[in-house]
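Protein chains: 6
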Amino acid sequence: MPYIKIELTRENVTKQQKQLLISGITKLISDVLEKDPALTHVVIQEIDTDNWGVSGEQVSILREKGITGKLK
Amino acid sequence: MPYIKIELTRENVTKQQKQLLISGITKLISDVLEKDPALTHVVIQEIDTDNWGVSGEQVSILREKGITGKLK
Amino acid sequence: MPYIKIELTRENVTKQQKQLLISGITKLISDVLEKDPALTHVVIQEIDTDNWGVSGEQVSILREKGITGKLK
Amino acid sequence: MPYIKIELTRENVTKQQKQLLISGITKLISDVLEKDPALTHVVIQEIDTDNWGVSGEQVSILREKGITGKLK
Amino acid sequence: MPYIKIELTRENVTKQQKQLLISGITKLISDVLEKDPALTHVVIQEIDTDNWGVSGEQVSILREKGITGKLK
Amino acid sequence: MPYIKIELTRENVTKQQKQLLISGITKLISDVLEKDPALTHVVIQEIDTDNWGVSGEQVSILREKGITGKLK
Numbered sequence: 046m047p048y049i050k051i052e053l054t055r056e057n058v059t060k061q062q063k064q065l066l067i068s069g070i071t072k073l074i075s076d077v078l079e080k081d082p083a084l085t086h087v088v089i090q091e092i093d094t095d096n097w098g099v100s101g102e103q104v105s106i107l108r109e110k111g112i113t114g115k116l117k
Numbered sequence: 046m047p048y049i050k051i052e053l054t055r056e057n058v059t060k061q062q063k064q065l066l067i068s069g070i071t072k073l074i075s076d077v078l079e080k081d082p083a084l085t086h087v088v089i090q091e092i093d094t095d096n097w098g099v100s101g102e103q104v105s106i107l108r109e110k111g112i113t114g115k116l117k
Numbered sequence: 046m047p048y049i050k051i052e053l054t055r056e057n058v059t060k061q062q063k064q065l066l067i068s069g070i071t072k073l074i075s076d077v078l079e080k081d082p083a084l085t086h087v088v089i090q091e092i093d094t095d096n097w098g099v100s101g102e103q104v105s106i107l108r109e110k111g112i113t114g115k116l117k
Numbered sequence: 046m047p048y049i050k051i052e053l054t055r056e057n058v059t060k061q062q063k064q065l066l067i068s069g070i071t072k073l074i075s076d077v078l079e080k081d082p083a084l085t086h087v088v089i090q091e092i093d094t095d096n097w098g099v100s101g102e103q104v105s106i107l108r109e110k111g112i113t114g115k116l117k
Numbered sequence: 046m047p048y049i050k051i052e053l054t055r056e057n058v059t060k061q062q063k064q065l066l067i068s069g070i071t072k073l074i075s076d077v078l079e080k081d082p083a084l085t086h087v088v089i090q091e092i093d094t095d096n097w098g099v100s101g102e103q104v105s106i107l108r109e110k111g112i113t114g115k116l117k
Numbered sequence: 046m047p048y049i050k051i052e053l054t055r056e057n058v059t060k061q062q063k064q065l066l067i068s069g070i071t072k073l074i075s076d077v078l079e080k081d082p083a084l085t086h087v088v089i090q091e092i093d094t095d096n097w098g099v100s101g102e103q104v105s106i107l108r109e110k111g112i113t114g115k116l117k
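Chains A, B, C, D, E and F, in that order, give the protein sequences. Here the first sequence stands for residues 46 to 117, where the numbers follow the working numbering. Here the second sequence stands for residues 46 to 117, where the numbers follow the working numbering. Here the third sequence stands for residues 46 to 117, where the numbers follow the working numbering. Here the fourth sequence stands for residues 46 to 117, where the numbers follow the working numbering. Here the fifth sequence stands for residues 46 to 117, where the numbers follow the working numbering. Here the sixth sequence stands for residues 46 to 117, where the numbers follow the working numbering.
Bound conformation, chain A alone (with noise of 0.2 Å):
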């Protein structure tokens, strides 16, 4: 019965990245612990840079600064 909810800053997910998180997880959760994946549901909620903030500062401004969090 897993519930998995993913939150991470609206910038661009593309329906199929979504789709690609979505089914990777299912996959996981039924390797790992032998859960039947009709029972396990991911929902995937996309937060404005606005209303993210990490070490004290939105992302918005981070963002801005040249910050953006990927693999360098």
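Hint data in this document are derived by calculation from the structure and do not stem from the laboratory. Hints may be right or wrong, so weigh each one.
Same chains, same names: a pair is fine if it fits in one copy or spans any two.
[To be verified] Subject to a maximum C-alpha distance of 30 Å in a straight line, what follows is the list of computed BS3-like cross-link-like pairs (lysine-lysine):
1) LYS115 <-> LYS50
2) LYS110 <-> LYS72
3) LYS72 <-> LYS117
For this one, chain A is given, so just place chains B, C, D, E and F on it according to the hints.
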């Protein structure tokens, strides 16, 4: 002091349906737990069908396939 | 595909009361939104009274002061 | 590693108010728990007034009745 | 800046399984979204089987009836 | 009507620290948004260090390696 979060897919839920969910849950909490309704908060969060997955598939895709999730 | 989270203080909620909450909410969702109950998940999360605050005070302190949050 | 979610009604919260919430909570967590701010994430979620209920009523209806929820 | 919450029933999930979920999801997020893993937080929340309901019934009751939710 | 959830690792947070978090956040919300504190609920959720991961590793393992997440 209950707080209730309802997450469901964004599929034309009307203002009146939302009110029925809010009043119904608040009454249930009051009936079962004798809680003062002034302390019961209900939050409804609607999720785009691209952002909800079950059985590893996006609900938007399931809907295109004719799977409604409705009572038969 | 609804998912419902109920958060309340950990104050001797019985197994039967939990069942009444689960069945009552599932029925409400089915009545109002015509959702197949097989897709409705309800999760109850009990929170220690030291860990819940309202009006800026811990519920454990409010309870010592005789404030019950119950229906009068 | 704290994660803080603030849920409030969508009622013209400004970008600056959001920044004050993010910086204020991050500082509080750092002051009280000595956590490195780089590990503190704050997420603000705004909820439509039709989608929040208290005392069994939608906030949109409470606002029409002149109930503001503001400090007096 | 992703934050991922996994909610599942408390049924003897081992420390190693938890580690596999955490590393697997973090890798998935990094692969699909190119996010720096240092910014990805994964939280696992185990819920007592009395406190999770599906189809209007407590999971503890479903388990007694031999319904496992496992892959066949 | 704000609701605030604080999730942090279960590492000997005292009752007094919890009270400071609750009163501090309630005051911040009142100062920034002029919300009536009677409507502000704060919930603290402590997560076992095996159940929280960052950078793909369990916090329990990070702690064994001497990584504290504390201010330097």
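A quick look at each hint next to the structure:
1. In the homo-oligomer, the alpha carbons of LYS115 and LYS50 lie at most 30 Å apart both inside one protomer (21 Å) and across protomers (21 Å), since each shortest distance falls under that limit.
2. Taking CA atoms no more than 30 Å apart as the test, LYS110 paired with LYS72 passes between copies only; the shortest distance there is 21 Å, against 37 Å inside one copy.
3. In this assembly of identical chains, the alpha carbons of LYS72 and LYS117 lie at most 30 Å apart whether taken from the same copy (27 Å) or from different copies (15 Å).
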